[in-house]
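Protein chains: 2
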Amino acid sequence: MNFCSTCGARVEHRVPPGDTLPRFVCAHCGIIHYENPKIVVGCIPEWENRILLCRRAIEPRIGLWTVPAGFMENGETTAQGAQRETLEEANAKVEMLGLYALFNIPHINQVYMLFRARLLNLDFSAGAETLETMLFEEHQIPWDQLAFATVKRTLKLYFSDRRDGRFRFHMGTIEPLPTSSRRVAADEERVKDEQ
Amino acid sequence: MNFCSTCGARVEHRVPPGDTLPRFVCAHCGIIHYENPKIVVGCIPEWENRILLCRRAIEPRIGLWTVPAGFMENGETTAQGAQRETLEEANAKVEMLGLYALFNIPHINQVYMLFRARLLNLDFSAGAETLETMLFEEHQIPWDQLAFATVKRTLKLYFSDRRDGRFRFHMGTIEPLPTSSRRVAADEERVKDEQ
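Heads up: the protein sequence lines correspond to chains H and B, in order. Going by numbering that gives the first Met the number 0, the letters in the first sequence line up with residues 0 to 194, in that order. Going by numbering that gives the first Met the number 0, the letters in the second sequence line up with residues 0 to 194, in that order.
Be aware that one or more of the hints could be misleading.
With a cut-off of at most 30 Å between alpha-carbon atoms, the simulated DSS-like pairs for lysine-lysine come out as follows [claimed, not checked]:
#, chain 1, residue 1, chain 2, residue 2
1, B, 155, H, 37
2, B, 92, H, 37
3, B, 92, H, 92
FYI, nobody ran anything at the bench for these hints, they're computed from the structure.
Isolated chain H (complex conformation) (with noise of 0.2 Å):
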């Protein structure tokens, strides 16, 4: 941020009285613009024992898989916002069971919020973010070709507390890995399970 988005001024970046964190604050206005973290909204969607799958056809993690998910927006609730992205991802209707598992990744200022979800019927295709969809039983999940930690992390969980009989909601943070074992695993990701 260099710019004020409401006057176009200068913005400096200082602590402002009462404040104990450095804000982007116009010399001009005087206002102070926050940067707080995103929500990215998402879902397993279930269909029978089998669950839908997305190949991701954009950066970052180009060809790799995901359950559907992204950044909620303004105006919607949660819950909406993982239906909405499994519509644009992988043209499904879907039917939210509840909140599953939350994770904080705090270097990138996200939280992820997954539900599990009931596909309503068999009509689903690949959105224009997505290669293609598939619906994989658990010994069929490309375990080595995931693309997000989170998505890993939320599978395992899942086909654990699935064999337990018991779905139970889940909390964790996922940390970037030391800088010694980052070139060996840019693309992973350590998670640390809360609750």
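Since the structure of chain H is already known, use the hints to place chain B on it.
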């Protein structure tokens, strides 16, 4: 938003190619400025059979009671944010016990996440944005002087669950009052000024 925060040129409000919603787009540098919901994090601090509430020293709802809560910051987890807000507003140290309630407030683009928490000691006091802090038993809760719908709903659920001997995770959506009663609750729209 009137100006591009990157290059300072005027922005236009239009649907970018491949998108479905209007965004603020810079006519000069082409950058798209997305706007997304903000997360409010807080907790219900418990001490034996009492809970800690704060009386607000700032608008909106100055003079009314609330649980410690505020906007989540970049670089922290939801639990860390709730912990920080409790320290800032009540000078109270807490240990998080798990996510208790999530409320969508789509008409003001917010998602509330409230944890159950355990007060670590009785060394608490009003922070800069608080008039007073106090422990309340259930029958002492000032139900008609609570600041926000989310707080009232969360506390109702909390005491109901406590009677049942089992705290479940709750999710809900707060909707604006019908137009006819808007005047009474005009402050509902101002919650987003809290930061």
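Hints versus structure:
For the proposed pair residue 155 of chain B and residue 37 of chain H, the alpha carbon gap of about 29 Å is at most 30 Å, so the pair holds. The suggested pairing of residue 92 of chain B with residue 37 of chain H holds, with an alpha-carbon distance near 27 Å, which does not exceed 30 Å. Restraint check for residue 92 of chain B and residue 92 of chain H: the C-alpha separation of about 45 Å exceeds 30 Å, so the hint is violated.
Comparing the model with each numbered hint stated earlier shows that hint 3 is the single one that does not hold.
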